[in-house]
Amino acid sequence: MTSTETPTRRITTAKAMAEGIALEMRRDPAVFVMGEDVGAYGGIFGSTTDLFAEFGADRVIDTPISETGFIGAGIGAAVEGLRPVVELMFIDFYGVCMDQITNHMAKIHYESGGNVTVPMVLMAATGGGYSDAAQHSQCLWGTFAHLPGIKVVVPSNPYDAKGLMISAIQDDNPVLYLFHKGAQGLVWMEKNPRSIAHVPEESFTVPIGQAAIARQGTDVTIVTLSLSVQHSLDVAEQLVGEGISVEVIDLRSLVPLDTETVLTSVAKTGRVLVVDEDYRSFGLTGEIAAVIAEHDPTMLKKPFRRLAVPDVPIPYARVLEQAVLPTRDKITDHVKELMS
Amino acid sequence: MNPLNRLDLYKQMVRIRQYESRILQEYHADKKPAWDIGAGLIPGEMHLSAGQEPSAVGVCANLKQGDAITAPHRPHHFALAHGVDMNAMTAEIYGRDTGLCHGKGGHMHLFDPEHHFSCSGIIAQGYPVACGQALAFKRTGTDHVAVAVAGEGAANQGAFHESLNLAALWKLPVIFVIEDNDWAISVPRSHSTANASNADRASGYGMPGVRVENNDVEAVFEAAGVAIDRARAGGGPSLIEIHTVRLWGHFEGDAQAYRGADLDTLDARDPIPLYAATLAEIGDLSMDQVASIAADAAAEVDAAITFATSSPFPTADDALLHVFA
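Going line by line, the protein sequences match chains Y and S.
Residues 1 to 340 (the numbering used here) make up the first sequence, in order.
Residues 341 to 665 (the numbering used here) make up the second sequence, in order.
Just chain Y, same shape as in the assembly (with noise of 0.2 Å):
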């Protein structure tokens, strides 16, 4: 490193996602934050980390075990011009508060005619791989992707964490900020480096609704989001030694989604590997299936390939769990056939 270039700073996601709310909390007074332990504790996955320090109770408030009250409440401060980031602390936790996002946050907009806006920020942890088992372990992006009316943003890395954030609080929609909690870089929880970056101390935007192509390659297209983009990474630079150049699409928001970055790269690999960690029927990896498609099939020189939970809940023990989840392995496995 020469000493003209800026220091690197190396931050966490999780300590990105809070840095991105605190600077729109400065910015913007109509800003606050509620939910389960995003006080003291800063959130059990750190979202809102050294925000009560900061912004004290009245911005930063821990709620009761009381998801409905307080994500219609949410609804409720967003609809009078309030911005509201909401924490549901595990989106498995949706169960009991459903109504109020897909029939109230979701829908407010179009009922209304356009004459009501919900500008708020629904953040939740995802996924798996640490033996939480059934309850505690889903991504379930699909589920909300496919509710009209809720924006779907899902960061891979600390960049887009920061970025996404300030994006989302600043949208006039719902969006549904989905965090997965291996990729937060937490202490307590095994970690790809992956998951602790550089991130400019400034405040900057990413468009929600812009893919991202994580990494350049010609023979096949992984389409994948959140863990997955950096489990997808590694195997990409693995097989550079095989000869293999993959190049692995960040989706980072479901809704809306970014088709012409997909198609582009199918367009020039003309092979593609979904990988998702949340179920395999009825979500992503059947609608990318769908976007390709509808849009030309014979781009593709080998069939369609995907990489999700086959359709089993989350299993508790190490080996079940493993066995389910789309590990490194298993995407290694699946880029290997479509190159045979």
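Simulated from the structure, these hints should not be mistaken for laboratory data.
Any given hint might turn out to be false.
[To be verified] Result set (EDC-like, lysine to aspartate or glutamate): computed pairs, CA atoms no more than 20 Å apart in a straight line:
id	chain 1	residue 1	chain 2	residue 2
1	S	K371	Y	E190
2	Y	K330	S	D657
3	Y	K330	S	D658
4	S	K372	Y	E190
[Claimed, not checked] Residues from chain Y shown here face chain S by an in silico Cβ test under 7 Å; the list is partial:
id	residue
5	A40
6	F55
7	D62
8	P64
9	I65
10	S66
11	T68
12	D132
13	Q135
14	V187
15	W188
16	V312
17	P315
18	A317
19	L320
Using N, Cα and C, we set each Cβ at its ideal position, and we do this for glycine too.
Knowing the structure of chain Y, use the given hints to seat chain S on it.
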């Protein structure tokens, strides 16, 4: 009401504490790296019940085979007090094929149909299920009861309030047990609940409610006995709130920085030495008995851990089984 057997209450509390203490050791013993929640012989989140033994022991001493319990994410004390097989439960916590759920459930999702025991990692969601079990008991003409257990934080969930109304409306044989350990993870009760006693909420729904202070196992036993007798006799539901103590973190690895001075008095609030002192004072417990009860508990728990660690793991293909019957 079953006759009060103080020594049995004490033995069961010691047995549970021994279990939780050994699981605590085992949970951390094999963590490599030590910080990794997903590593080790016992991976994942671990919510232990040390300090809350009086609620489980006092309630379950009034139950009989065929009565049901739904427990929350912190379930071990109720499982053991209700007679769930320690070997099979331990094997489940170790993710083994011989476990209650063949390794699929883990410590928050223990299912034992023989003892009508289940638990859930989703706060308050055991309340409606207990109402359903009670409905089944009532419709089939048995005198069995269902006990629904959750923490004071869970009493701010819609499922709790809906269940209280349903149970009162249909006069279901349910006992709602709230373990108030003062903390919903990091949120103290004073920051989560406007009402100081859930017993008052019970009366709002048309059922008797009682709040038991001081983590007193005999007071829990008495209150549960009244409520369970009433339910068995067709008198409908009751609510018992037990002011207890969470001696350890919300989950293992919880640094509890949010807890402040509350941590300083925990040793003095440990219910087991307190109860031992009470029993010794009235001549119901000798020092020899204290030692032998502890030794018996240790032997039973060690045997369960040996059973678990010598049991086979499930195979990867087993992950695809059991989605449908």
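Interface restraint verdict for P315(Y) against chain S (beta-carbon cut-off 7 Å): Because about 5 Å separates P315(Y) from the closest Cβ in chain S, which is inside the 7 Å limit, the hint holds.
Cut-off 7 Å, beta-carbon criterion: hint that Q135(Y) touches chain S: Holds: closest Cβ of chain S sits about 4 Å from Q135(Y), inside 7 Å.
Hint check, P64(Y) versus chain S [nearest Cβ-Cβ separation less than 7 Å]: This hint holds: P64(Y) lies near chain S, its Cβ roughly 4 Å from the closest one there, short of 7 Å.
Satisfaction of hint between D657(S) and K330(Y), Cα-Cα up to 20 Å: 15 Å, holds
Restraint check, 7 Å cut-off on beta carbons, for L320(Y) near chain S: 4 Å, holds
Status of the hint placing D62(Y) at chain S (closest C-beta pair under 7 Å): 5 Å, holds
Interface hint outcome for W188(Y) [beta carbon to chain S under 7 Å]: 5 Å, holds
Satisfaction of the F55(Y) interface hint, Cβ to chain S closer than 7 Å: 17 Å, violated
Hinted contact D132(Y) with chain S - closest CB pair below 7 Å: Where the cut-off is 7 Å and the nearest Cβ of chain S is about 5 Å from D132(Y), the hint holds.
Interface hint for A317(Y), Cβ within 7 Å of any Cβ on chain S: At 3 Å from the nearest chain S Cβ, A317(Y) passes the 7 Å test, so the hint holds.
V312(Y) as an interface hint toward chain S, with CB separation required under 7 Å: OK, holds: V312(Y) within 7 Å of chain S, min 5 Å.
Satisfaction of the S66(Y) interface hint, Cβ to chain S closer than 7 Å: Hint on S66(Y): holds, closest Cβ of chain S at ~5 Å, below 7 Å.
Going down the numbered hints, you'll see the structure goes against just number 6.
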